[in-house]
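There are 2 protein chains.
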Amino acid sequence: MLEMECKEFRSRFREELDRTVQFWLKHSHDREFGGFFTCLDRDGTVYDDLKYIWLQGRQVWTYCRLYRTVERFHRQELLDAAVAGAEFLIRHAAVSEESRKQAFVVTQDGRPVKVQRTIYSECFYTMAMNEIWRVTGVTRYQTEAVEMMEQIVRWVREDPASLGRPALSGAEKTNSMAIPMMLLCLVDQLEEDDPEMCQKYQELGTWSVQQILQHLQREDSVVLETVSTEGKELPGSQGRLQNPGHTLEAGSFLLKYAVKHGHQELQQTAIEKFMILPFEAGWDLEFGGLLYFQDVDGHSPTQLEWDMKLWWPHAEALVAFLLGYQVSRDPRLLQLFKKVFNYTFTHFPDRENGEWFGYLNRQGTVSHTFKGGPYKGCFHLPRCLYLCEKILDSLLQDA
Amino acid sequence: MLEMECKEFRSRFREELDRTVQFWLKHSHDREFGGFFTCLDRDGTVYDDLKYIWLQGRQVWTYCRLYRTVERFHRQELLDAAVAGAEFLIRHAAVSEESRKQAFVVTQDGRPVKVQRTIYSECFYTMAMNEIWRVTGVTRYQTEAVEMMEQIVRWVREDPASLGRPALSGAEKTNSMAIPMMLLCLVDQLEEDDPEMCQKYQELGTWSVQQILQHLQREDSVVLETVSTEGKELPGSQGRLQNPGHTLEAGSFLLKYAVKHGHQELQQTAIEKFMILPFEAGWDLEFGGLLYFQDVDGHSPTQLEWDMKLWWPHAEALVAFLLGYQVSRDPRLLQLFKKVFNYTFTHFPDRENGEWFGYLNRQGTVSHTFKGGPYKGCFHLPRCLYLCEKILDSLLQDA
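Protein chains in written order, with the numbering used here: chain B, 1 to 399; chain A, 1001 to 1399.
Derived by calculation from the structure, the hints in this document are not laboratory data.
Every residue gets a Cβ at the ideal spot worked out from N, C-alpha and C, and that includes glycine.
Mixed in with the good hints, there may be bad ones.
[As the list claims (entries may be wrong)] Cut-off 27 Å, straight-line C-alpha distance, at most; resulting in silico cross-link-like pairs (DSSO-like, lysine-lysine):
| no. | chain 1 | residue 1 | chain 2 | residue 2 |
| --- | --- | --- | --- | --- |
| 1 | B | K114 | A | K1338 |
| 2 | A | K1114 | B | K173 |
| 3 | B | K260 | B | K200 |
| 4 | B | K256 | B | K200 |
| 5 | B | K114 | A | K1173 |
| 6 | B | K390 | B | K256 |
| 7 | A | K1114 | B | K232 |
| 8 | B | K256 | B | K339 |
| 9 | B | K114 | B | K173 |
| 10 | B | K338 | B | K273 |
| 11 | A | K1260 | A | K1173 |
| 12 | A | K1200 | A | K1260 |
| 13 | A | K1338 | A | K1232 |
| 14 | A | K1200 | B | K114 |
| 15 | A | K1007 | A | K1339 |
[To be verified] To list a few chain A residues with every Cβ distance to chain B over 12 Å, as calculated:
| no. | residue |
| --- | --- |
| 16 | Q1076 |
| 17 | D1109 |
| 18 | T1143 |
| 19 | G1164 |
| 20 | G1205 |
| 21 | S1221 |
| 22 | A1258 |
| 23 | V1259 |
| 24 | E1280 |
| 25 | N1353 |
[Unchecked claim] Reference listing, derived: stretches of chain A covered by chain B, where coverage requires no fewer than 3 residues with Cβ under 8 Å from a Cβ of chain B:
| no. | stretch |
| --- | --- |
| 26 | 1015–1025 |
| 27 | 1112–1123 |
| 28 | 1169–1176 |
| 29 | 1186–1197 |
| 30 | 1228–1237 |
| 31 | 1370–1382 |
Pulled out of the complex, with its shape left as it was, chain B reads as follows (with noise of 0.2 Å):
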């Protein structure tokens, strides 16, 4: 990349960022009971006051991430509402006492609406308690990390007897590629600086390597969302599912990994079917952009919103790809990386009340005005925005 170029993406990035940041510092905060409201219409007004628990944790992973390693955001309205959102998370993510099974979301003042007999919850409390442990040093919140963490582990790897899913004789246990790379992005989370978790997470990182690869499947040719536990395809809609987006994540993950450890051939894996495969793959030639779900054999999805373009896979290939080219310098990396950047920031940007829209049909239509909402908060695209920039300021010192 011409030094020209990469500072002209750079101040791209860095201008986004700002702006969505702005955003949420502006609409998000519930002064009262703490917490961030993420159901934000168009100009930042407050929708819905429910609170998402995955939402919360990942807004205090966002800001503290932010607080710590960038310095223009090393501001105290930041941490403030950091420590608000952790302390809410705390007092109220739980649904009782009993167990550490959390909600998926809460009423404004923190009692439990809805539960899902999934690990994300927790997965984002755990993010979002390492992070601002190591920004305000309050070893509470890195016992509620570490212990959440084992609790994870012992769900995944043991028994998920109590996330309450009934045992079913139909059910097969499957390989979910979201469950690996999640615990992945915590192996990766936890590791940072700290010697003793490196000790103590270095057999599940390579685990959830292991168990990511499985997705790897006829003949390398395609990667596939969900497999049996062996690491074979699955029968039905199930095993034909592809997810690009969820693709290009793992890459980046899995890529950060190989680069740690010094795995060359995993690094080639990572770039060549984990980023240029699922691009190839979910590349929409009519319409552009990347489309959400797909079957490997071209059946329809049963996914209704299937054909649609939503902000995260564009955020996550834009981080794969800028990270690919980073470390492999490779051309390729940084063509892909500019088309998506070129179709990404034609589309989502709302330029008039900043941030960005989460939801296109497939001809590139806003099809949901929202900037937040159960699923979409501040978390894919600053964290996107930060990766971006970070990335750019290395190839900038390179130079």
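With chain B held as given, fit chain A onto it using these hints.
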């Protein structure tokens, strides 16, 4: 309606019904285990052999109703397949022997894969069992229907605990329109030519009607999908949600009930508020067709599929407007019927293979090419075609 016009419509519905039934007879029967494949591709190929319990019950009901009431469908192959389907359900729908709770989806050979914490599998089971009893006279089927109905009423009106939903302090009890609508449908099913059942379920019928009417809000200007158990509007996206197709479906049940019981005022309400109103709110003036979900205050619904055009709301609208016209002879209803007919018959039918596509994008282009999936089986479409043919028969007799 002119007699010629009426005959023309009738022949279109009849022809479409024949093609639709032929499609399911040809492609959906599982001759090995009984029951029906419902994941059928455009040409009828099975793309997944999972069996969705709602759709098993619905197909048994459809076959039996056609066998019982339409001379040209009084054919052994429909009855045989219905019996095999009913026996499959009796053997495999329940998740365990301790409870009447049924699965949402089972494997081809009947092992449970997923359980929903709702009453719908059980409701369609009840419809199926009552209808097959009417056809076969086998009392075991009616016993299943009656016992399950009692369990459903206990879940809804007394104690939902055994559905498996945890009691959560932030989860306010709500009145979701689907529940009383489903109950009113079941009451109608069980009461046909059965004075004992009419007696038994009289109060439940009245209660269901009252519960449905609670959804008429804001000085009778809108119908909301979910209200409080006291019949008040709920806060947030949930409270503002409209589902025009559901409202039209409820309108048909209300109108049928009003006619049966000679309730003039309810008849008027059903037509004005549960047919004309949701059409005016839900018809897409830009591209035609009924929107799937709407937010009454104009925010974006959080459902990603809100702007899609689904086959079933259009099927329900055809039934509602034709029934409304039959009862009232109000020319507005005939006009709306024709408008919906034109959109529906130009967009949904598959001229090449028979049956209808289920899912179009907002612009009216087919987004999913399959004919059956996890939620689309042999039910809404043949039921609509059957009911419309019957009503047109009756209009022609009157003429």
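Now for the hints, and whether the structure bears them out:
Restraint check: the Cα-Cα separation between K114 of chain B and K1338 of chain A comes to about 43 Å, which exceeds 27 Å; the hinted pair is violated. Using a Cα cut-off of 27 Å, the hinted pair K1114 of chain A and K173 of chain B holds, with the two alpha carbons roughly 12 Å apart. The hinted pair formed by K260 of chain B and K200 of chain B meets the criterion: a straight-line CA distance of about 16 Å does not exceed 27 Å. Note on K256 of chain B and K200 of chain B: the hinted pairing holds, with a Cα-Cα distance of about 19 Å set against a maximum of 27 Å.
Taking the CA atoms of K114 of chain B and K1173 of chain A, the gap is near 12 Å; set against the 27 Å cutoff, the hint holds. Taken as a hint, the K390 of chain B and K256 of chain B pair is honoured in the structure, with Cα atoms around 14 Å apart against an allowance of 27 Å. Restraint check for K1114 of chain A and K232 of chain B: satisfied, since their Cα atoms lie roughly 21 Å apart, inside the 27 Å limit. For the proposed pair K256 of chain B and K339 of chain B, the alpha carbon gap of about 22 Å is at most 27 Å, so the pair holds.
For the suggested pair K114 of chain B and K173 of chain B, the alpha carbons sit about 24 Å apart, so the restraint of at most 27 Å is met. The suggested pairing of K338 of chain B with K273 of chain B holds, with an alpha-carbon distance near 19 Å, which does not exceed 27 Å. Restraint check for K1260 of chain A and K1173 of chain A: the C-alpha separation of about 31 Å exceeds 27 Å, so the hint is violated. Using a Cα cut-off of 27 Å, the hinted pair K1200 of chain A and K1260 of chain A holds, with the two alpha carbons roughly 16 Å apart.
Straight-line distance between C-alpha atoms of K1338 of chain A and K1232 of chain A comes to about 35 Å, which puts the hinted pair past the 27 Å bound. Of the pairs offered as hints, the one joining K1200 of chain A and K114 of chain B is violated, with about 36 Å between alpha carbons and a cut-off of 27 Å exceeded. Under the criterion of a C-alpha separation no larger than 27 Å, the hint pairing K1007 of chain A with K1339 of chain A is consistent with the structure, at around 18 Å. Every beta carbon of chain B lies more than 12 Å from that of Q1076 of chain A, the smallest distance being close to 31 Å; the non-interface claim holds.
Non-interface status of D1109 of chain A relative to chain B is broken: a Cβ of that chain comes within 12 Å, the nearest being about 8 Å off. No Cβ of chain B approaches the Cβ of T1143 of chain A within 12 Å, the least distance being about 26 Å, so the stated non-interface status holds. With a cut of 12 Å on Cβ distances, G1164 of chain A falls inside the contact zone with chain B, its closest approach being about 8 Å. For G1205 of chain A, the non-interface assignment is confirmed: its Cβ lies about 32 Å from the closest Cβ of chain B, beyond the 12 Å cut-off.
Every beta carbon of chain B lies more than 12 Å from that of S1221 of chain A, the smallest distance being close to 20 Å; the non-interface claim holds. Distance check for A1258 of chain A against chain B: the nearest CB is about 34 Å away, which clears 12 Å, and the non-interface claim stands. At the 12 Å boundary, the C-beta of V1259 of chain A stays outside the reach of chain B, the nearest C-beta of that chain being 35 Å off. With 12 Å as the threshold on Cβ separation, the claim that E1280 of chain A sits away from chain B holds: the shortest Cβ distance comes to roughly 22 Å.
Consistency note on N1353 of chain A: stated as away from chain B, and its beta-carbon is indeed over 12 Å from all of that chain's, at 14 Å minimum. Counting residues of the stretch 1015–1025 of chain A whose beta-carbon sits less than 8 Å from any beta-carbon of chain B gives 0, not enough to reach three: the coverage restraint is violated. Interface restraint, the stretch 1112–1123 of chain A with chain B: holds (4 residues with C-beta to C-beta distance below 8 Å; minimum three). By the rule of at least three residues with a Cβ nearer than 8 Å to a Cβ of chain B, the coverage given for the stretch 1169–1176 of chain A holds, with 3 such residues.
Figure legend: the stretch 1186–1197 of chain A, annotated as covered by chain B; annotation inconsistent (0 residues with Cβ-Cβ distances under 8 Å, at least 3 required). Against chain B, the stretch 1228–1237 of chain A contributes 3 residues with a C-beta closer than 8 Å to a partner C-beta. That satisfies the three-residue criterion, and the hint holds. For the stretch 1370–1382 of chain A, the proposed coverage by chain B is satisfied: 3 residues have a C-beta within less than 8 Å of a C-beta in that chain, meeting the threshold of three.
The structure shown violates the earlier hints numbered 1, 11, 13, 14, 17, 19, 26 and 29.
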